[in-house]
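Residue numbers (full-length UniProt numbering), protein chains in the order written: chain H, 1 to 221; chain U, 1 to 221; chain Z, 1 to 354; chain G, 1 to 354.
Some hints could be false.
Sample of chain U residues with no beta-carbon within 12 angstroms of chain H, all distances over it, derived [what the hints assert, rightly or not]:
#1 57
#2 142
#3 159
#4 161
#5 216
Quick list of simulated restraints, FRET-style, between CB atoms [as the list claims (entries may be wrong)]:
#6 U:69 - Z:91: 53 to 63 angstroms
#7 Z:97 - U:16: 37 to 47 angstroms
#8 H:6 - U:116: 30 to 40 angstroms
#9 Z:315 - G:161: 49 to 59 angstroms
#10 U:20 - Z:91: 27 to 37 angstroms
#11 Z:315 - G:131: 53 to 63 angstroms
These are calculated hints, taken from the structure and not from any lab test.
Note that beta-carbon positions come from the ideal geometry of N, C-alpha and C, so glycine has one too.
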Amino acid sequence: MTPWLDCSPAALLLSLEVAGVVLVLFLVAGIALGYALSQPIPFRNLLDALVSLPLVFPPIAIGFFLLMLFGRHGVIGDPLHQYLDWDLVFSFPALVMAAFIAGLPLVVKPIQSAIEGSARELIEVSYTLGKGRLETLFLVVIPVVRRHIAAGLTLGVGRSFGEVGMTLMLGGNILGSTETLSLAIYNQVLDGNFACATRLSILLGALSLGLFLLLRRLGRL
Amino acid sequence: MTPWLDCSPAALLLSLEVAGVVLVLFLVAGIALGYALSQPIPFRNLLDALVSLPLVFPPIAIGFFLLMLFGRHGVIGDPLHQYLDWDLVFSFPALVMAAFIAGLPLVVKPIQSAIEGSARELIEVSYTLGKGRLETLFLVVIPVVRRHIAAGLTLGVGRSFGEVGMTLMLGGNILGSTETLSLAIYNQVLDGNFACATRLSILLGALSLGLFLLLRRLGRL
Amino acid sequence: MPCLDADLEFRRAAFRLAARIRVPETGITALVGPSGCGKTTLLRLLAGLERPMSGCIRHGERVWFDQGQRIDLPPRHRRAGLMFQDYALFPHLSVARNVAYGQPHGDGEGEVRVWLDRLQLQTFAERRPHALSGGQKQRVALARALASRPEVLLLDEPFSAVDLGLRQSLRLLFQEVVAERALPTVLVTHDLDDVRHLADRVGVLIAGELRQFGPTSEVFSHPLDVEVAQVLGWDNRLPVSGCEGGWARGDWGRLRLNGSCSSGFPEHIAIRPHGPSLTDGTGLSVEIARVTDMGGYRVLLCRLPDRTALRIHLPSDQHPPALGVQTRLRVPDDCIVPLPAPALGAAIPASAFT
Amino acid sequence: MPCLDADLEFRRAAFRLAARIRVPETGITALVGPSGCGKTTLLRLLAGLERPMSGCIRHGERVWFDQGQRIDLPPRHRRAGLMFQDYALFPHLSVARNVAYGQPHGDGEGEVRVWLDRLQLQTFAERRPHALSGGQKQRVALARALASRPEVLLLDEPFSAVDLGLRQSLRLLFQEVVAERALPTVLVTHDLDDVRHLADRVGVLIAGELRQFGPTSEVFSHPLDVEVAQVLGWDNRLPVSGCEGGWARGDWGRLRLNGSCSSGFPEHIAIRPHGPSLTDGTGLSVEIARVTDMGGYRVLLCRLPDRTALRIHLPSDQHPPALGVQTRLRVPDDCIVPLPAPALGAAIPASAFT
Numbered sequence: 001m002t003p004w005l006d007c008s009p010a011a012l013l014l015s016l017e018v019a020g021v022v023l024v025l026f027l028v029a030g031i032a033l034g035y036a037l038s039q040p041i042p043f044r045n046l047l048d049a050l051v052s053l054p055l056v057f058p059p060i061a062i063g064f065f066l067l068m069l070f071g072r073h074g075v076i077g078d079p080l081h082q083y084l085d086w087d088l089v090f091s092f093p094a095l096v097m098a099a100f101i102a103g104l105p106l107v108v109k110p111i112q113s114a115i116e117g118s119a120r121e122l123i124e125v126s127y128t129l130g131k132g133r134l135e136t137l138f139l140v141v142i143p144v145v146r147r148h149i150a151a152g153l154t155l156g157v158g159r160s161f162g163e164v165g166m167t168l169m170l171g172g173n174i175l176g177s178t179e180t181l182s183l184a185i186y187n188q189v190l191d192g193n194f195a196c197a198t199r200l201s202i203l204l205g206a207l208s209l210g211l212f213l214l215l216r217r218l219g220r221l
Numbered sequence: 001m002t003p004w005l006d007c008s009p010a011a012l013l014l015s016l017e018v019a020g021v022v023l024v025l026f027l028v029a030g031i032a033l034g035y036a037l038s039q040p041i042p043f044r045n046l047l048d049a050l051v052s053l054p055l056v057f058p059p060i061a062i063g064f065f066l067l068m069l070f071g072r073h074g075v076i077g078d079p080l081h082q083y084l085d086w087d088l089v090f091s092f093p094a095l096v097m098a099a100f101i102a103g104l105p106l107v108v109k110p111i112q113s114a115i116e117g118s119a120r121e122l123i124e125v126s127y128t129l130g131k132g133r134l135e136t137l138f139l140v141v142i143p144v145v146r147r148h149i150a151a152g153l154t155l156g157v158g159r160s161f162g163e164v165g166m167t168l169m170l171g172g173n174i175l176g177s178t179e180t181l182s183l184a185i186y187n188q189v190l191d192g193n194f195a196c197a198t199r200l201s202i203l204l205g206a207l208s209l210g211l212f213l214l215l216r217r218l219g220r221l
Numbered sequence: 001m002p003c004l005d006a007d008l009e010f011r012r013a014a015f016r017l018a019a020r021i022r023v024p025e026t027g028i029t030a031l032v033g034p035s036g037c038g039k040t041t042l043l044r045l046l047a048g049l050e051r052p053m054s055g056c057i058r059h060g061e062r063v064w065f066d067q068g069q070r071i072d073l074p075p076r077h078r079r080a081g082l083m084f085q086d087y088a089l090f091p092h093l094s095v096a097r098n099v100a101y102g103q104p105h106g107d108g109e110g111e112v113r114v115w116l117d118r119l120q121l122q123t124f125a126e127r128r129p130h131a132l133s134g135g136q137k138q139r140v141a142l143a144r145a146l147a148s149r150p151e152v153l154l155l156d157e158p159f160s161a162v163d164l165g166l167r168q169s170l171r172l173l174f175q176e177v178v179a180e181r182a183l184p185t186v187l188v189t190h191d192l193d194d195v196r197h198l199a200d201r202v203g204v205l206i207a208g209e210l211r212q213f214g215p216t217s218e219v220f221s222h223p224l225d226v227e228v229a230q231v232l233g234w235d236n237r238l239p240v241s242g243c244e245g246g247w248a249r250g251d252w253g254r255l256r257l258n259g260s261c262s263s264g265f266p267e268h269i270a271i272r273p274h275g276p277s278l279t280d281g282t283g284l285s286v287e288i289a290r291v292t293d294m295g296g297y298r299v300l301l302c303r304l305p306d307r308t309a310l311r312i313h314l315p316s317d318q319h320p321p322a323l324g325v326q327t328r329l330r331v332p333d334d335c336i337v338p339l340p341a342p343a344l345g346a347a348i349p350a351s352a353f354t
Numbered sequence: 001m002p003c004l005d006a007d008l009e010f011r012r013a014a015f016r017l018a019a020r021i022r023v024p025e026t027g028i029t030a031l032v033g034p035s036g037c038g039k040t041t042l043l044r045l046l047a048g049l050e051r052p053m054s055g056c057i058r059h060g061e062r063v064w065f066d067q068g069q070r071i072d073l074p075p076r077h078r079r080a081g082l083m084f085q086d087y088a089l090f091p092h093l094s095v096a097r098n099v100a101y102g103q104p105h106g107d108g109e110g111e112v113r114v115w116l117d118r119l120q121l122q123t124f125a126e127r128r129p130h131a132l133s134g135g136q137k138q139r140v141a142l143a144r145a146l147a148s149r150p151e152v153l154l155l156d157e158p159f160s161a162v163d164l165g166l167r168q169s170l171r172l173l174f175q176e177v178v179a180e181r182a183l184p185t186v187l188v189t190h191d192l193d194d195v196r197h198l199a200d201r202v203g204v205l206i207a208g209e210l211r212q213f214g215p216t217s218e219v220f221s222h223p224l225d226v227e228v229a230q231v232l233g234w235d236n237r238l239p240v241s242g243c244e245g246g247w248a249r250g251d252w253g254r255l256r257l258n259g260s261c262s263s264g265f266p267e268h269i270a271i272r273p274h275g276p277s278l279t280d281g282t283g284l285s286v287e288i289a290r291v292t293d294m295g296g297y298r299v300l301l302c303r304l305p306d307r308t309a310l311r312i313h314l315p316s317d318q319h320p321p322a323l324g325v326q327t328r329l330r331v332p333d334d335c336i337v338p339l340p341a342p343a344l345g346a347a348i349p350a351s352a353f354t
C-alpha cells in the first residue's frame, strides 16, 4: 500500500500555495471592495455587478473568456508574451486568478452587507466626530465587522480548494504544474487509481470540514 | 462556418433538461427544507449542516464520495444494479443529482432566512388565529417569501448550468449522453475547436446573464 | 366566570421568569416593567408560542399547559387573540381578508363586516396593510384578533405605534369593544397612561419577577418597593442614609416621617408631586430649576443640595417662583411614601389574586 | 452669538421636506411631529449626512452648505455633535475610549475624565457598551458628543431608551450640561414631556413642512391648526359642521364661541381639559366613561352623543360622578380653541425666527 503522501504530493502543496496567496488578496480586496460598495461611490452598481457575476455565471464560460483574453493570442496575453515574455495561462498565477475571481463575491458580499447593516450608523457617528474615511475604516469598520471578514475569508478560501471549472480552463490541468488537489482526485479516478483518489478526497474533505466548522463557529452558515 | 446549432446540440438540450428537472425539485425541496429549517424540529442542526455542506465542501470530493456510494460496486449502487438493473452513475439522473446537491443550499438558505426574518411573527400570528402548520405554509409563508423563493430558484438553476466538478465525477462527461453545456465548452477547447467553444460560451453566458438580471431585478444580488 | 390562571417558570440562558397571575374575565389587566423584564415573554408563554419549564396555565376548567400532566396545547387550540407590538398584519392580504383570516371555517362575510364596521374600517377594507396609518393598522389587528373568536385577549404595546393625539379615542374604542366581549384581557405596555386610563388591575414585572399586583389606583399610589416606584414613574425617590426621632435624612436634607423609625427605616422615600408647597418657614432647601405651565397646574423642577431633581406640582393660582431662586419646600408627611428595598423572591400573597 | 440657520429643501421618492429654521445659541430647540414627518431627516441634513436639493445652512458666519455657491462641508468639518436614537456607541471600545474617540488629536486624557465625571460615568469607564443600561448608554453618547467639542448639538430621541422613572433626573442633568456649553441645540422627540420640560422653543413638523415654530408654552397653548393640535396631544378635537349666532355645532352638540362666526368658522375646535366642569344646567350632553385619579386631579373620560371621547381634568376636591352617568358639561369659552384647516404651503412669517 502506498503511503499517503505518494498520491500527487505536488497537488496538495499547490492547492495550499494557491489558498495562501488568495487569502492575502481576499483580505485586501475583500475589505476594500466591501467598504467601497457600501458607500455611495460612482459606478457602484457596475462594480457590484462585476464582483457578483461569478455567483451565477458558469465558471467554464468565465474561464473560456479569460483564456481568450490572456491566451498567447489574446488581447492582453499577446503583448504580455511579446514584450514581457510572460504567459499567464497554464501557470501558477492563472490558478490564483481562477480562485480569486470565483471566491471574491463570497468574501465581498458578507462584508458589504455587514457594513451596510450594523456598521452604517457607527460610520456616520465617526464622521460627525471629525474622522475621515480611512480613519473610520481602521478605527471602526474593520473592528466591528471582523467576524464577517473572517467568515468571508473562510468561504473564499474554501471555494479556492473546490474550484474546478475556471481552473481547468486557465490552468490546463498539467500534472505536477497546474494540477490542484481537486483536479488530482479527478485525474486519479480517470487513471483508475481509486485508493489514491480516496485518500486525496479525505484530505481535501478534512481541510474543507475544518473551514466548515470554523464558519459555523462564526455563526455565519 | 458551421451554423450555431452544429456545435454540440445535444449538450444544450441536456443542460436545459437538467435545469427543468432540478427547478421542479428545488421548488418542492427548497420550500419544504427552508420552512422546516426555520422551525424548531429535531435534528435541525444536522439537517442544516448537511444542506449547507456543498457551500464549502469541494464538489469533486462530494462527487467522488457519491461515485463510491452509487457506483456499480458501491453500497447503494450495487443492489440498485443487481435487483433493479439500474445504474445511476454516468446517466441523466446522475447529472440531476449533481446539479441538485450543488444548488440546494443556494435555494434553501434565502428561503430559510426570509422565513426566520420577516415571516416569523406572521407565522406565529397564523397559529394563534387557529391555523396549523400546513395551512400557514400555503396561506402565509409562500405568499410572503415568494420573492425569496424566486431568487433562490434562480440561483439554484444558474448553478446547475455551471456545475462542473460533481458532474464530471458522477456524469462522466460522455459525449452525446452526459455532456452538459459547460462540459461541451471544455471538450471543444480540448479539441482545439475555439469557434464552437466561443459560440457555446456566448450561449451559456446569455442564459446566465438572463438569470443574473432576473436576480438583480428581484433585489437579491 | 372562567379566569385565565397561570403559575409558571421559564428560563432562557441567564434570564429567568417566574410568575403567578390570575386574569379575571372582566376589565383589563395590565403588565408593566422595564424593557427586558419579561412582559412580552409572559404573553408568548400564555399564547403557547414559548414553552414554560414548569407550572401550569388554565383557562377556566380547561388546562392549556401542565408540566405534571404533560399537557401542552398548541397555540391554535388555545385560541388566544394575540396582538403583536408591530401588529404583524399579513402584507399580502387586504384588510378584509386579514380580518377574515382567523374566522372558523364556514362563516360568511357577515361577521367580518360587523367587525370592520365596529372598528371603523369599512373604507379601508380593500387596502393592503402598507397603505394604512399606525392607528388604522392597530384597529385591523384588533379586528382580526376579535373576529377569530378568541377565549382570551393578549395585547403587546397596542398603542405604541399610534400618534399621540389619537390614543385617547382609540383607547376608548378599545375599552368599549373589550367590555362587550368580556374576555380575560392582558395588556403589556410601557406607557403608564395606557395603564391608568385602561387597566383595572396592574402587575409590575421586574427582572422576570411579578413584584406587585393589584387594583390600578392602589398599585400607583402605594408602590411596594423602590424599583416598583421607579417603573411606575415616581421620579422623586430619595435615598435614606439614617433616621432619628422620626426624621429621615440623606445628602438631600431631612424629612419628618409619619411615625417613629425606632424599628428600622426604609431604604428610600418617595415624595408625591401633589401636596408639597413652597414656604418661607422650615422645609427642604431647594433651588428652582424649571417651571412648566401644564394648563391646570405648574410643574416645578427643583434641585436639592445634593443636586437630585425633585418634581413638584403646584396649583396654577399660586404665584410661580423665579428660576434659580433658593427657597424651601414644605412636604406634608402624607406626601411621603416609604420605599423598602426590594424583597427578592418574596411571593405575592395569594389574597392578591382573589 | 452664532445661530444655526437653515433654509433647505430635500426630496426622496415621494417624500419632500422643506424647512426654514433658526436655532439660537441659548436654550434648547425641540422638533416634534408624527413618525415619518422628516424630523430625523432634518437632523441628518444639518449634520451633513444627507444632502439637500437646494437651500443653505449657516452656522454664524460660516457656510456649511450653499447650493448656489456649491459649498457642502462634509460631516467631519461641520462638527455637529449628533446623538443617534439608539446611541450608536462603538461596541468594540470601552466607555472611556468611546468618549475619547472624537477628541481632537493631541489632547490628553484630562478632558475625557472631566466628561466622565460630569456625566457620572467614572465607575463604568472600562466597561463595554453592551454591559450598560439604557440611561448609562445615553450619558456615554452625550459625553462622546460633547467631548468632541461640537459647534452645535443635534439629538434624536435622546430619552426614548431610558426607563421612565429615570428620565426626570437625566433631563435635568442634560439641561445643566447643555446650558454650560451654550451651543445651538436641536432636540428631536416624540415625547411631549421632553418638549415641555426641556425645550425653550418648539417646531412642529408635519409631512415635511414646518407648520408652527415658537416659544414652547405659546405653541402648546395655541396650536395653529388641527393637525398641529393633534401632534401636541390635544385629544379633544371636535369637527364643526356649522355656526350660527356664535354657536358652533356638530354631531357632538353645540358650543358658544368667543365672538361671532359671521365671517366663517373654524374646521375644528379643541377643548382644554382644565376648565370645563360638570353642571346640572345647560351644556354639552356627556356620558361618564372612566374616572382616573391622578393624585392632584382627576381625569374624566366622557363620551359625547356622537361617541367622540372628551378628556376633562377635574380638581380632586370636586366629587367624582359615577360611571355611565348621563350629565352635562359646562365649557367656558376661554377653554375653546378654534382650529382652522391646515394652510398647506403657507410660510411661517419671518418674525417667528427673530
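Here's how the hints hold up against the structure:
At roughly 5 angstroms from the closest C-beta of chain H, the C-beta of residue 57 (chain U) falls inside 12 angstroms, breaking its exclusion from the interface. Every beta carbon of chain H lies more than 12 angstroms from that of residue 142 (chain U), the smallest distance being close to 24 angstroms; the non-interface claim holds. For residue 159 (chain U), the non-interface assignment is contradicted: its Cβ lies about 8 angstroms from the closest Cβ of chain H, within the 12 angstroms cut-off. A cut-off of 12 angstroms between C-beta atoms contradicts the statement that residue 161 (chain U) is not in contact with chain H; the least separation is 5 angstroms.
Non-interface status of residue 216 (chain U) relative to chain H is broken: a Cβ of that chain comes within 12 angstroms, the nearest being about 7 angstroms off. For residue 69 (chain U) and residue 91 (chain Z), the hinted distance range of 53 to 63 angstroms is not satisfied, since their beta carbons lie about 44 angstroms from each other. With their beta carbons about 39 angstroms apart, residue 97 (chain Z) and residue 16 (chain U) fall inside the hinted range of 37 to 47 angstroms. Take residue 6 (chain H) and residue 116 (chain U): their Cβ atoms lie about 48 angstroms apart, and the range 30 to 40 angstroms is violated.
Range check, residue 315 (chain Z) to residue 161 (chain G): Cβ separation about 34 angstroms, and the 49 to 59 angstroms hint is violated. Checked against the hint of 27 to 37 angstroms, the pair residue 20 (chain U) and residue 91 (chain Z) passes, with Cβ atoms roughly 32 angstroms apart. Under the hint 53 to 63 angstroms, the C-beta atoms of residue 315 (chain Z) and residue 131 (chain G), about 45 angstroms apart, miss the expected range.
Checked against the numbered hints above, the structure breaks hints 1, 3, 4, 5, 6, 8, 9, 11 and satisfies the rest.
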